[in-house]
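A.B. asks: Go by the hints and put chain B onto chain A.
The listed protein sequences derive, respectively, from chains A and B. Quick note on numbering: the first sequence equals residues 7 to 178 in my numbering. Quick note on numbering: the second sequence equals residues 1036 to 1791 in my numbering.
One or more of the hints may lead you astray.
[Stated by the list, open to error] Okay, the calculated beta carbon distance ranges per label pair: (1) 31(A) / 1055(B): 37 to 43 Å; (2) 173(A) / 1697(B): 42 to 48 Å; (3) 31(A) / 1448(B): 56 to 62 Å; (4) 1212(B) / 97(A): 17 to 23 Å; (5) 1204(B) / 60(A): 34 to 40 Å.
[Stated by the list, open to error] Pulled from the structure, derived: some chain A residues nowhere near chain B, Cβ distances all over 12 Å: (6) 31; (7) 54; (8) 77; (9) 105; (10) 135; (11) 147; (12) 148; (13) 166.
If you are wondering where the hints come from, they were derived from the structure by calculation, not from laboratory data. Glycine included, C-beta positions come from ideal geometry on N, C-alpha and C.
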Amino acid sequence: MKNPDEPFFCDKDAEDSPGATGTPAVRNRIQQLADQQPYAVLCIQGEGQPYGALVAFAFSEDLQHAVFVTPVATRKYRLLSECDHVALVIDNRPNKADELMEIEAVTVTGRSQMIERGPEFDKWAGLLVTRHPYLKTFVKAATCALFRVDVVRFLHVARFQEVNQWIPGTHS
Amino acid sequence: MDSGHPLLIQLDAPGHWDEQLVGGKAAKLAQLTCAGFEVPRGFCLTTRAYQAFVQNAGITAALRMELGRKSMDDMRWEEIWDAALRIRATFLAQPLDGVLRETIAQGLAGFDASTPLAVRSSAVGEDAAGRSFAGLHESIIGVRGQQAVEDAVRLVWASLWSDAALLYRKELGLDAANSRMAVLVQKMVDADRSGVAFARDPRDMRKERALIESVPGPCRLLVDGLVDPDRWELDRRTGRIITWLPGQRDNAQHDAPLLEPRDLEQILDTLLSVEQLFGWSPDMEWTGQSDSLTVLQARPITTAGPEQDEKRAWFLSLRPGDARLRVLRKRVAEQLIPELESVGQVFAAEQLDLLDHRQLAGAIEQRSAALAKWKKIYWDDFIPFAHGVRRLAIYYNDAVQAEDPYEFVGLLRSQPLVATQRNEAIGQLAEKLAANDTLRSALERLLAEFAGSIDWPASRDMLMNNADGAEDFVRGFDDLKERFFDIAYDQERLYDQPEVMLRNLIELSRTRSQSHGDEPVMGDTVVALEQRLLEAVGPERRAEALEVIETGRVSWKLRDDDNLLVARLESQLLRALDEAARRLRMLGRLTGDERPNAAHVEAMVRALREPSTGQITLEATARIPAAALSSAPSGEAPRQLIGQPASPGAATGTVRCVHGRHDLGRFRQGEVLVCDAIQPTMTHLVPLASAIVERRGGMLIHGAIIARELGIPCVNGVRDAAEILKNGDLVTVDGHLGIVTVGAAEFDLELGVTRR
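Excised from the complex, chain A in its bound form (with noise of 0.2 Å):
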């Protein structure tokens, strides 16, 4: 609690520090997030088109990377074919309009590849199907096709608007 209309002359021992309270880092709170929820929005384009499409994901443990998977007959394929550039939307929304404010959301944005079968796409479709194991023989057809994406940036939002950004594998 901060004092009300504290002095604006010398008396430090009158007042309270200033954020007091700390706020649980950025990319802990992505990886709650992250951790929480199966599912993300995964936004595509294609010749001026935007498009967008529910995705099963898993993270590697240092956030850099995010795998998903898509038959190739899809429109998702097709579209990831052409232009590598995607972002992914996870959030917690639940289905009621008054909860705006316990919203939170991260958006990812990064560069797909899709992964050929071997070893770096056993690999990688092991840490899907750990998360999600419902889809090891979908994985494991021969007509879907996995991708993984290079994370550049995260975006957290809360509170409607609180805005905050972590590029991860950054060191200082």
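C.D. replies: What follows is chain B alone, placed relative to chain A:
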């Protein structure tokens, strides 16, 4: 209607004592009524009525938005008060629907339209044993007629979310979706004796003692602490009077007790009967005497710990009632402020160089003691009196029901604040500079040449020799210093920092020579707003309304001036310490360049008094708050910060953080002023700023009001604003939405990123 969950229950209807439905107060009064105790006749609008209202009027969503905007743990009390004011306006803006109006009409059918009624809160859980939140919610008295009752009911509902309730939100378990309140509507009964009685001594419940307090007139005079009561301690078993302590009323002690022994006996009997009925020892409000004793309220005695008592006492002192405000206004405006002003003048007039060492030590102690005394007065009297502005806000909004809950601020415009007078004098000097290019160039050369070490007496001669018309400017500047800059800021005297002010004047002169943009929208005139309020309250409350306006204005003016006047005492303390430091340095007994401040009083006084102390060195005192040194974890950066929309408009500019006196002089026109709080000592920077961002939140704080008057966008209440934002950051300040966006609007898109 669902008969199991009715909207209205008569107090004398048997069996309706469900606290979830009627709240704690009504449940107990209904039970007392049915048990044959004398209780004022009335009815209860149940929590169902509250729920129907908030759901139909869309208030739950508005509450969630208001309460979720920012973590309440990060809010200052003023911001919580602002939130409560907006919530109150939301409740008032929604009319009751037909069903609720009809329900109230049914309840009122039992009363004559001219009967004065009390409309009282009865929140669920407010009187639960072991915790009492008395005084957090509102009760409105003297209400007559259907419309007035409807208005009062909405106000009482809104008080479920009062500033006080929001402060105790955790203890109360306040929750937008589930919290609810019932409302009691009762006939007013005010006998010529009233009081509070405790079946046991709250300080020691084991003792077989009851306490009775009584005042002449209505009980609220006692509850609000306006009248000192007579107090009795009685033996619970025999009724014997153990002590009687007469109250101090009208500055006199009374010889005759307010109550006769038979009155005391009747009150004790009632207390014990209530205790028997409920099975717990009651704290009871009552009115009337032995033959007509009426119970106004009964709840379990709470034995709050000293910590809770202290917190509540502190909190209650922040929101004095009308009577207390009247007393405070007289004391503050007529006695304290003139006295404070005069103390400052006396100190300023004292010729310190004529004093010997011992006398100078005495002068330092005297100034230090005066500063401590006035800081205490600031907390005890000035801060509570600041409530005058908030009282005006509530009074205006209740009467006018304005769409904008801050419309009343227009009534405070054009008050002759010291800071306003100072800013006008600064403005005039800036005009002089703007009109005289030679003078301005000479001053700029001077500042460039002697950056950081301007010697004003030498500089003034240089200016006068080099520029025509400089004399007038120099005289004006000297006058400005003497009149307005004998104040301490950031532990230094601004009086000794002419360079800061000269740099600000150059910047201000640039704004003067440029054409102004759109004039700020000032809204209605002061006269029109005053008229609107007087029409809304009607002729019978005209005098009361004028008093509330006047108290609001005096409160607003003084809350600004008092800061400057106390800052002047600190400046005068620093002047005496500087004189001591000068002498001790000459004697070779003070080493180091550190200037003394309030923390060095003791060391300096001892050094002056005791030549044998030898050499002293002043310890440097930290000036930068620790938080300023912290930085966000690697790779993290804010993109949008949220605060309160304190002045409308939007502007993009580069950040200039003002942490201390050095930053004042660095401020450039068009920059975004970012600081912990705009202080009365720095309001002259505001016209230079393209926008303002403050950590300190509130719609009624200095920065917000000045920004609104000047039409400059302002967002305040931004957590850690001055630490998160850095000099040179590009920001867009959206004063409509309360958002500060960091970085260019187009943002750095991912296009340039190459594939890994």
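A.B. asks: All hints are to be evaluated individually against the structure, with a verdict given for each.
C.D. replies: Here's how the hints hold up against the structure:
| no. | hint | verdict |
| --- | --- | --- |
| 1 | 31(A) / 1055(B): 37 to 43 Å | holds (42 Å) |
| 2 | 173(A) / 1697(B): 42 to 48 Å | violated (33 Å) |
| 3 | 31(A) / 1448(B): 56 to 62 Å | violated (44 Å) |
| 4 | 1212(B) / 97(A): 17 to 23 Å | holds (21 Å) |
| 5 | 1204(B) / 60(A): 34 to 40 Å | holds (38 Å) |
| 6 | 31 | violated (5 Å) |
| 7 | 54 | holds (16 Å) |
| 8 | 77 | holds (24 Å) |
| 9 | 105 | violated (7 Å) |
| 10 | 135 | holds (24 Å) |
| 11 | 147 | holds (27 Å) |
| 12 | 148 | holds (26 Å) |
| 13 | 166 | violated (8 Å) |
Of the hints listed earlier, those the structure fails to meet are numbers 2, 3, 6, 9, 13, in rising order.
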